Amino acid sequence: MIKGKAFKYGDNINTDVIYPGKYVYTIMDPEEMAKHALEDLDPDFVKNVEKGDIIVAGKNFGCGSSREQAVTSLKYAGVSAIIAKSFARIYYRNCINNGLIPVICKEASDYINSGDTVSIDVLKGKISVNNKEFSFVPFSSFIMEIIDSGGLLEYTKKVIKNV
Amino acid sequence: MTIAKAILGKKAGKRVEVNEIIEVEPDILMTHENTAAISKKFYSLGVKKVWDPEKIVIPIDHCVPAANEKYAANHKLIREFVKEQNIKYFYDIKEGICHQVLPEKGHVLPGYLILGSDSHTTTYGAFGAFSAGIGRSEAASIMATGKLWLKVPESMKITVNGKLRKGVYAKDIILHIIGDIKADGANYMSVEFYGDTIDNLSVAGRMVLSNMSAEMGAKAGIVQCDKKTEEWLRSRVSREIRPVKPLDDEYEITLEYSAEEITPKVACPHTVDNVKDVSDVDTEIDQALIGTCTNGRIEDLREAAKILKGKKVHKNVRLLILPASREVYAEALDQGIISELVRAGGIILNPNCGPCLGAHEGILAPGEVCISTANRNFKGRMGCKEAFVYLASPATVAASAITGKITDPREFL
Chain L
1 MIKGKAFKYG DNINTDVIYP GKYVYTIMDP EEMAKHALED LDPDFVKNVE KGDIIVAGKN
61 FGCGSSREQA VTSLKYAGVS AIIAKSFARI YYRNCINNGL IPVICKEASD YINSGDTVSI
121 DVLKGKISVN NKEFSFVPFS SFIMEIIDSG GLLEYTKKVI KNV
Chain Z
1 MTIAKAILGK KAGKRVEVNE IIEVEPDILM THENTAAISK KFYSLGVKKV WDPEKIVIPI
61 DHCVPAANEK YAANHKLIRE FVKEQNIKYF YDIKEGICHQ VLPEKGHVLP GYLILGSDSH
121 TTTYGAFGAF SAGIGRSEAA SIMATGKLWL KVPESMKITV NGKLRKGVYA KDIILHIIGD
181 IKADGANYMS VEFYGDTIDN LSVAGRMVLS NMSAEMGAKA GIVQCDKKTE EWLRSRVSRE
241 IRPVKPLDDE YEITLEYSAE EITPKVACPH TVDNVKDVSD VDTEIDQALI GTCTNGRIED
301 LREAAKILKG KKVHKNVRLL ILPASREVYA EALDQGIISE LVRAGGIILN PNCGPCLGAH
361 EGILAPGEVC ISTANRNFKG RMGCKEAFVY LASPATVAAS AITGKITDPR EFL
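Residue numbers (the numbering used here), protein chains in the order written: chain L, 1 to 163; chain Z, 1 to 413.
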């Protein structure tokens, strides 16, 4: 079960505002990446975010670059899940491959406000907030295996071991 | 069967269905300047050798020559990795931007499955390949195992018929489409382009469509390989060229456009789908940029030179020109294009991606405006979150560089 307070943003939040290009090839330490998460969209975000918090956004979250730091920086800043109406393709994969939960739920995205405390049951596909409940399609067993492994690299390690 | 399903089915060794998850081995894995970070992830997997050193292509292109010690250290790390792993196809900083270099050097063929750790890997779709961007962990994982999971995407068929009007180019076609279906209009889909307008485009023009398919969320942007593609490829590839044809019309979405209706376009800040007619925008500019993986080809430089020849860049404007590759640069020199651009006041930079993503050269100051032939205009994209980036064709950028404000290129044609 995931639980945290919501930070709400709009549609088409792109990878440049999540993690600016000027840091892409210069910062290698994920803790350092976290200091720049959402820098060009919400400069106060890193000051206010706490471990477990949840980002809530509109459609096409994470559009733009393939830069994985746009996921890693949020994860190391403490974000546990992102609820959006839709995700950009590479961003969605990068989330799964780094064990940051991407939840597609239009109704929850419309309903939740910044500051709301949100709980997500990933296995059952349920979101709870203010005594209201929303459903989403749970992940397939293959995707859950990657998430449960802690991301694609850990999953690949297991695969290599089993060969 | 769509081209996407035909190629993915061939790689999976069976008939595939939309939304099915398959595990496949790419024909080519491309990793560029992010190879430094990817190599660290690769070694963290406990593997000593990459799965196939002849299937990995590595150009260094995003910030070259190195802007500072950090970039220099990354470049060094990549060169060491290339040596340790005997990577056969490595292109050091002199060659240019990955999406131009890979086709030029013969690594792209129709029917290929190409995965690359860059969102504009879609560019190779212009040659009839299925080509998609992936993340760094995915690239590291492929290096170790040779495999990656992919979801078989839905397909969108976009047909453009008719003759393009004067001053209208491939860039205007794709901006017109993105303005229509928006930044997520083709999210997770494989887009295929058809119609006589597409048939009549040069290979360079088709690469613009495939490149910018990423900006409508597409996983791939495919143009069928035809005689023109074969001719372009013939002197560059060593293998037989075997085009993949779609077998039927199983497209989830079908869109049709008339070329005659398309006018010169500009994508306004801060999203690529904020598309307007150039004639409706007259913002003053500080910088103009011609280059990038979208529009840095010889055809683009030639169009710009046609407009700039014998003219002067406006005194308030810095015009930056980056040929997409060494090959393009040399050809532009041989054809006298570079001298025309320089005489007009253009500043020629070495082939690289730098300014487009705010990594290197041409960074904007707060409040400044740039019109660029690139593919993204997100807030902060060119290194400053208080600057404004407009996207347009090379002709529109050239015309705007002369007048000092965003200008319809038809005034100069």
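Treat the hints with care, as some may be off.
Taking lysine-lysine and the DSSO-like style, the derived pairs with C-alpha atoms no more than 30 Å apart in a straight line are [claimed, not checked]:
no.	chain 1	residue 1	chain 2	residue 2
1	L	Lys161	Z	Lys276
2	Z	Lys312	L	Lys35
3	L	Lys161	Z	Lys385
4	Z	Lys276	L	Lys157
5	Z	Lys49	L	Lys161
6	Z	Lys151	L	Lys158
7	L	Lys158	Z	Lys83
8	L	Lys161	Z	Lys163
9	Z	Lys14	L	Lys158
10	Z	Lys147	L	Lys75
11	Z	Lys276	Z	Lys312
12	L	Lys157	Z	Lys88
13	Z	Lys385	L	Lys47
14	Z	Lys76	Z	Lys147
15	L	Lys158	Z	Lys157
16	L	Lys75	Z	Lys379
17	Z	Lys151	L	Lys157
18	L	Lys158	Z	Lys147
19	Z	Lys385	L	Lys8
20	Z	Lys276	L	Lys158
21	Z	Lys379	L	Lys51
22	Z	Lys14	L	Lys161
23	Z	Lys163	Z	Lys40
24	Z	Lys48	L	Lys158
25	Z	Lys157	L	Lys85
26	Z	Lys379	L	Lys8
27	Z	Lys163	L	Lys75
28	Z	Lys309	L	Lys51
29	Z	Lys76	L	Lys157
30	L	Lys106	Z	Lys151
31	Z	Lys40	L	Lys157
32	L	Lys161	Z	Lys48
33	L	Lys106	Z	Lys157
34	Z	Lys276	L	Lys85
35	L	Lys157	Z	Lys309
36	L	Lys157	Z	Lys157
Note that these hints are calculated values from the structure, not bench results. Predicted model, so just to flag it, every value in this text is computed and none were measured.
Item to check | Ascending list of hint numbers which this structure does not respect | outcome: The structure breaks hints 1, 2, 3, 4, 8, 15, 20, 23, 27, 28, 35, 36; every other hint is satisfied.
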